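Trainee: The primary structure of each chain is shown beneath.
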Amino acid sequence: MALIEVSGVHVRFGDRVVLESIDLTVPEGEFHGLMGPNGAGKTTFFNVLTGRVKPSRGSIRFDGEDVTGLSSHRIAAKGVARSFQIMTLFDEFSARENVMVGLPGFRARGFDMRHAAAGDRGFAEKASEILVTVGLADKGDTRAKDLSYGDRRALEIAVALGQGPRVLCLDEPTSGLGSDGVQRLATLVGRLKGKLTIVAIEHDMEFLFSLADRISVIHWGQVVARGAPHELQQNEWVKRSNLGRFA
Amino acid sequence: MASPLLVLDQVRKVYTRGRVVRRPTFTLEANLVIDRPAVIGVVGPNGAGKTTLFEMMTGSNAPSSGRVYVAGTDIHKVKYRERDRLAIHYHQTYQVRRFRKLVPSILLEKSPTPAPMVHLFDEPQFNLQDGYIGFMLDFFRKLRAEGRLVVVCLHPTAAWHLEILAEIAEQYLLVADGGVTRQPDFATLTREPRFRSYLGPELTRAAEALCAGRAAARP
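If you're matching them up, the sequences are chains H and B in order.
The numbers in numbering that gives the first Met the number 0 rise by one with no breaks, and the one at position 99 of the first sequence is 98.
The numbers in numbering that gives the first Met the number 0 rise by one with no breaks, and the one at position 200 of the second sequence is 199.
None of these hints come from the bench; they were simulated from the model.
Some clues are possibly wrong.
Each computed EDC-like pair below joins lysine to aspartate or glutamate, with the alpha-carbon atoms no more than 20 Å apart [what the hints assert, rightly or not]:
#1 B:K76 - B:D8
#2 H:K194 - H:D179
#3 H:K77 - H:D150
#4 H:K192 - H:E64
#5 B:K141 - H:E27
#6 H:K194 - H:D62
#7 H:K192 - H:D62
#8 B:K100 - B:D73
#9 B:K141 - H:D137
#10 H:K194 - H:D22
#11 B:K141 - H:D22
#12 H:K192 - H:E29
#13 H:K192 - H:E205
#14 B:K141 - B:E166
#15 B:K109 - B:E81
#16 H:K192 - H:E171
#17 H:K77 - H:D90
#18 H:K238 - B:D137
#19 H:K53 - H:E235
#20 H:K192 - H:D170
#21 B:K100 - H:D14
#22 H:K238 - B:D129
#23 B:K78 - H:D14
#24 H:K138 - H:E91
#25 H:K77 - H:E64
#26 H:K53 - H:E27
#27 H:K194 - H:E27
#28 H:K238 - B:E166
#29 B:K109 - H:D14
#30 H:K238 - B:E162
No experiment lies behind these values; they were computed from the predicted model shown.
Required output: the full structure, derived from the provided sequences and hints.
Mentor: See below:
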């Protein structure tokens, strides 16, 4: 059984149809890429997947369970974590504290930072472990606002990983990064690949074509093409384009 | 027998100027039957009425006279919210869903089909660099294979636009001089003087070269 099963999702805001009909099946452990021109509906689809927008029609199943219309925190609790196109970090907190705040047990205790920092070593250790995974081992005490852009991206992923998700949704993870940053992120995401299910919206085709198991191309609010990177590259027009280079 | 996918029965649209003495400023007439799934290319100069034609086909702009049938149903008599289950209109990347509401929806009929049978793409944005052209063209073919009618309006400004037109469509509608004429294939379209004058000399030569290449490639 697939971990994510999306069927016939339709979203409209007033007279504006953003998603016509989206179907998507992602088996556990797959890295599934989403690409498409601006305004194709990719981010809206993410919002539906993570419970921020309710679809007008269609259904979303997670691990066999119907989660259509559940609120975003309920869906997060089921193991779906996401990063955003625009970064959402607590700038005044250290990298470690940002990760700690996202840990599920930590939230249950409340947001008293002094108490947390002094009292419970467990959370700090857990957060430090996650920082090692994303390559921020030595930046745990640095305030988020003092981190480089690439480090902030990595920290965002660390915050998402803190939830212990089964699915990681990444919305344009490479946006704003230079080529070194993209390379570093590709290494990080490559390490996560296979350990958890990843769904990523991405404009950097080299990044996507080298990492994704399968890619869905979204246009006009529907999936116009889907396949493994090498399958999508068979298309004659794709060969003629810049995408042809990543074969 | 199933109804034809699209019928424009003596359709006529007139835009007028003046309240007392109405002088027509624009007239478009169309009379055609498309009975099977196809990909149809629509071409014609600016202002000839391509968008008006699309709007009449999708039920967002009522003809002055005549009827538009989609899958056997007069689309202008279907509930506004359900018209997109018969025909759907994309302008570039967005779906167009503005209906002039002349009659309360409650007096209108339901759509007989759950998913649109006619898909209109008004100047989809093609870009050679990103490779999406291939995916879009495959999508049109997939819709046709599923029994839908695909109508693509393209405004050729480069030789490769003509290449797309020749590759994807099996027949064409030329919208010009207040009428819509059907062209059975790309070679016939290229011989049509109104199409040639619309293209201009350079693109006409490109179209002819394309026809020659296609004829040579044929076994």
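Trainee: Each hint needs a verdict: does it hold in this structure or not?
Mentor: Status of the hints after comparison with the structure:
1. B:K76 - B:D8: holds, 15 Å
2. H:K194 - H:D179: Violated, at roughly 24 Å.
3. H:K77 - H:D150: violated, 27 Å
4. H:K192 - H:E64: violated, 24 Å
5. B:K141 - H:E27: violated, 28 Å
6. H:K194 - H:D62: Holds - the C-alpha atoms of H:D62 and H:K194 are around 16 Å apart, at most 20 Å.
7. H:K192 - H:D62: Status holds; Cα separation ~19 Å.
8. B:K100 - B:D73: Roughly 16 Å between the alpha carbons, so the hint for B:K100 and B:D73 holds.
9. B:K141 - H:D137: violated, 52 Å
10. H:K194 - H:D22: Since the Cα atoms of H:K194 and H:D22 sit roughly 24 Å apart, the hinted pair is violated (cutoff 20 Å).
11. B:K141 - H:D22: holds, 15 Å
12. H:K192 - H:E29: holds, 8 Å
13. H:K192 - H:E205: Measuring from Cα to Cα gives roughly 16 Å; hence the hint holds.
14. B:K141 - B:E166: holds, 15 Å
15. B:K109 - B:E81: holds, 7 Å
16. H:K192 - H:E171: Roughly 16 Å separates the two Cα atoms, so the pair holds.
17. H:K77 - H:D90: Between H:K77 and H:D90 the Cα gap is close to 27 Å, so the pair fails against 20 Å, i.e. violated.
18. H:K238 - B:D137: Given pair H:K238, B:D137 holds - Cα atoms ~14 Å apart, limit 20 Å.
19. H:K53 - H:E235: Roughly 38 Å separates the two Cα atoms, so the pair is violated.
20. H:K192 - H:D170: holds, 16 Å
21. B:K100 - H:D14: Measuring from Cα to Cα gives roughly 13 Å; hence the hint holds.
22. H:K238 - B:D129: The given pair, whose Cα atoms are some 10 Å apart, holds under the 20 Å limit.
23. B:K78 - H:D14: Within the cut-off at roughly 14 Å; holds.
24. H:K138 - H:E91: The given pair, whose Cα atoms are some 14 Å apart, holds under the 20 Å limit.
25. H:K77 - H:E64: holds, 10 Å
26. H:K53 - H:E27: violated, 24 Å
27. H:K194 - H:E27: holds, 9 Å
28. H:K238 - B:E166: holds, 16 Å
29. B:K109 - H:D14: Holds, at roughly 18 Å.
30. H:K238 - B:E162: Since the Cα atoms of H:K238 and B:E162 sit roughly 15 Å apart, the hinted pair holds (cutoff 20 Å).
Going down the numbered hints, you'll see the structure goes against 2, 3, 4, 5, 9, 10, 17, 19 and 26, while the others check out.
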